[in-house]
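Offset between the sequence shown (1-based) and the numbering used here: plus 4.
If you're looking for bench data, these hints aren't it; they were derived computationally from the structure.
Note that the Cβ used here is the ideal one computed from N, Cα and C, for glycine as well.
One or more of the hints may lead you astray.
Stated by the list, open to error - Here are the computed lysine-lysine pairs in the DSBU-like style, where the Cα-Cα straight-line distance is at most 30 Å:
#1 Lys6 to Lys29
#2 Lys29 to Lys54
#3 Lys54 to Lys6
As the list claims (entries may be wrong) - FRET-style restraints, in silico, Cβ to Cβ:
#4 Phe20 to Ser56: 32 to 42 Å
#5 Lys6 to Val26: 26 to 36 Å
#6 Asp12 to Arg42: 17 to 27 Å
#7 Glu30 to Lys54: 31 to 41 Å
#8 Phe10 to Glu30: 30 to 40 Å
#9 Ile7 to Thr28: 17 to 27 Å
#10 Arg42 to Pro11: 31 to 41 Å
#11 Ala41 to Pro11: 16 to 26 Å
#12 Asp19 to Lys54: 25 to 35 Å
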Amino acid sequence: MKIQYFPDTDTALIDFCDGEIVETKELSENIYIDIDARGNPVSMTIEHAKQSGALSEVSYREAESQSA
């Protein structure tokens with residue numbers, strides 16, 4: 005499992021495995037889960053992660069911002 009945090013968008017990306025994503029389901033207003041063909045979770049996106057307190061007790065790697 006790998007957790008990345010993108011400070012420019014206050015978004016956390018949690019990768020559970022390296023599966024192919026076939027569907028994305030909205031769990032709540034700011035939480036989305038990516039599902040593979042067998043129905044297994046591949047990754048989860050949390051929008052407004054720090055603002056919502058979702059990262060207060062989690063260790064993560066902050067991603068570098070990429071210039072266009």
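Against the structure, the hints come out as follows:
1. Lys6 to Lys29: 20 Å, holds
2. Lys29 to Lys54: 21 Å, holds
3. Lys54 to Lys6: 17 Å, holds
4. Phe20 to Ser56: 32 to 42 Å: 20 Å, violated
5. Lys6 to Val26: 26 to 36 Å: 20 Å, violated
6. Asp12 to Arg42: 17 to 27 Å: 33 Å, violated
7. Glu30 to Lys54: 31 to 41 Å: Given about 20 Å between the Cβ atoms, the range is violated.
8. Phe10 to Glu30: 30 to 40 Å: Distance hint for phenylalanine 10, glutamate 30 is violated at roughly 19 Å.
9. Ile7 to Thr28: 17 to 27 Å: 18 Å, holds
10. Arg42 to Pro11: 31 to 41 Å: Since arginine 42 and proline 11 have Cβ atoms about 33 Å apart, the given range 31 to 41 Å holds.
11. Ala41 to Pro11: 16 to 26 Å: Hint violated: Cβ distance 33 Å, outside 16 to 26 Å.
12. Asp19 to Lys54: 25 to 35 Å: 19 Å, violated
When the structure is compared with the earlier hints, violations turn up for hints 4, 5, 6, 7, 8, 11 and 12 and for no others.
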